[in-house]
Amino acid sequence: MLALSFRLPVVAIMAATVMLPLSIIAYQSVLSEPFFMGGGALTLDSFRYIFSDPAFWTALQNSFGVATGMVLVALPCGAVLAYLLVRTDLPARWLLEPLVLVPMLIPSIVLGFGYVVAVGPAGFYTQIAREWLGFAPWNVYSRATITVLAGLSMVPYVYIYLSTALRSLGSDIEEAARVAGAHPLRVALDVSLPMIFPAIVFSTVLIFFIGLELFGLPLVLGSPNGFDVLAVYLYKLTNLLGVPSYHLMAAVVMCLIAMTIPLVFLQRLFLRRAERYVSVRGKGNRSRPVPLGRWRWPIFAIVAAWITVTALVPLSGIVIRSFVSHWGVGVNLIEAFTLDTMRQILTDTVMLRGIVNSVLIGVVGGALAVACYTLVALATHRRHDGLSRFVDYLVLVPRGLPGLVAGLAFLWVFVFFPPLAPLRSTLFSVWLAYTVVWLAYGMRLISTSLVQIGKEVEEAARSCGASQGRTIRDVTLPLARNGLLASWLLIFLMFEREYATGVYLLTSGTEVIGTLLVTLAETGAMDRASALSLVNVVIIGIGLGIALRFGVKIHD
Amino acid sequence: MADFYAARATKNGGAPLDGFVTALHTWDGKVYTVMNEPMCWVYNKKLLPEDKIPRDHAGLAKLLNDNPDTFKGKVSSYDIEKTGVGFFSVALDNKRMENFFEIPKAFGTAKARFLGSSGAMVESVASGESVFGYNLTCSVPAFQAQKNPNLGIVYPSDFTNVVGRVALIPNKARNQNAAKLFLDFLLSKDGQSLMAATPGLYPAHKDVPVKGLDAEMIKTSFKPVELGPDLLFNLDPKERLAFLSRWKSSIASGRR
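For the protein sequence lines, the chains are H and W, in the order given.
So for the first sequence, the working numbering puts the first residue at -18; every next one is plus one.
So for the second sequence, the working numbering puts the first residue at 535; every next one is plus one.
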């Protein structure tokens, strides 16, 4: 819709932002030494090393296994949950909806630790279970458990994409099916499900990507027993040779990026005719919930159980760990109770600065990120030309980049690209890295809202003589307003919980809660890590509360 | 490495070196050990009976192998691929004893868990998830043991490696003089006494009294690491990878 004079610069700036760190990594992967040492020679040795390292292949295999398992767990659960919460008369939906998002709010490294404290071999619940049953009924360190827990923690992502798609879908079509005598289950499977097919494809690919670069959970739960995934293998390369092996790390990242390209291609193939699924036309829509009948309460119990496993169990572990000096077999928690840890966190200047920075980056940075994503989305809105295809690929490429490495690449950009050097120790560096890392996620949220607006509404404006810019300003954006506000909220949530990306960018002035958490967890200071993540969850909860209070709708 | 050569402390702004065991505690007047930190073992006092507490390296492997019920799945050690200090400490063990690789083999048999930091090992042992932790930088468990009565510390009696907390001033440091003053303070009696109050550490200065550690033990079994270029042995990629692969294959052979 928009002129090339707008589209080209927007796409060019975005391409530069994405490609600059990527090209540094690509260059580094064929050097024998860190590129900033100057003396390295061009060589494929790094690739030769990792391809001949059995640990690399094991990690790759494990990552594929975990990613596939996560999709198999998260997709059905998320789809069912979205349908139940959006379309049926499930009880207490107002309460369940924010609770569903809770697993998203906990950084996965903390999630891992929460599980150890709650249901690990010496965990609170494990001890209770052992007292009652005489044995521990679960092993939180097994591969299967790690995969299932990782999958369950991804359910909110699927839920968000699918529920957004479902909501913008008028329920009239479903009602038509109901009137024709179809059973609710049949309506869900034959009508609602196909209509949200694009969102399903997108969620699948996204979760697979997240699965491939999964870090925190396998690091805490799997790695001590020798179960390593690609991101953990990558992390080990930092110390394996005594000094960081940047060339090897870069080579692993190139392999990850190479894997994303066929996936993106596959996704495009599936979505070629996305137009087919447009459903918001120039008419009103009001949805009416599908009655669940006698299944209402049993289904409610299942949803509540999922929330318990993915959110309440690890969260209770974190809460308890924040307020005890020590824990475990034979420890009386009441005797070990202490407020010292929380006091330490809330009186430490670095921690406080991290908390303030986190709020800034979530609220202000989140809004700026949404603005950037919207510009890019508009540049490709309703276009199926080469430029749009290019953007599609570009958007997903950083998704193949583990946050840890993305942060490292941005550090290099800020240190060695003179125009940006002054911004190195400002929050801007962290914001830029976050915005690029979450590009695919954010773009999808926004283009979903845009694509659901019927073409004819915009065409009506155009035929009344409005310019392209004016149509966007007065028709498209106002209609997409709810979607944009919801995107802001969701990006806020993502930015608050992000932890890996900021690790290499951490310096005085760029502290955010996520990176401080990693620093604390790395030294094993789990009491302070727990207390800080509790603070984080509270901040996110407040943000969520305010947004919902002021009418941002993630549910109708 | 040229960028990291430390500035030589000048005589008038220099460090008061008298009283230090110089060969060990400074290298070429460039790198200074400001504090000593033993590498200790930890155990859970509630879960590990007195007669099963490992006391020395020589007997460790046998103890683990003879008591699978006590130790299986309940031993923690450093993941030496992830952490430099973990690698360094086992490389030192290997230099100081024969048959060192019996220990990783016994770890394999005991299905030991390999963690990324001393803090994580303390958490695991103190909670009872593990009963025994191998090679921790001692300041972490010593601090925890003050609060947690279940946490016990062992200083292996055949030898206890002692690593230095070192300070150096990079050649290109912007505030050389301030750094020298600070280094002076760290090495002065006042600075040393202040740091000596940290549990698990003991001063580099011999006139500053040791707190919380047995002075006799320091004399007999504590083996401070000598500062010097020899320490770079574990940065040679070939040697390092060879050691890692032997470590890993020893663990694997024990698992079978």
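Everything labelled a hint here was simulated from the structure, so no lab data went into it.
Using N, Cα and C, we set each Cβ at its ideal position, and we do this for glycine too.
Among the hints, erroneous ones may be present.
Unchecked claim - Simulated coverage check for chain W against chain H, where a stretch passes if three residues somewhere in it have a Cβ under 8 Å from a Cβ of chain H: (1) 647 to 655; (2) 739 to 748.
As the list claims (entries may be wrong) - Computed footprint of chain W on chain H, listed as stretches where at least three residues anywhere in the stretch have a Cβ under 8 Å from a Cβ of chain W: (3) 244 to 252; (4) 306 to 315; (5) 336 to 349; (6) 502 to 515.
Checked against the structure, which of the hints given earlier come out wrong? 2, 3 and 5
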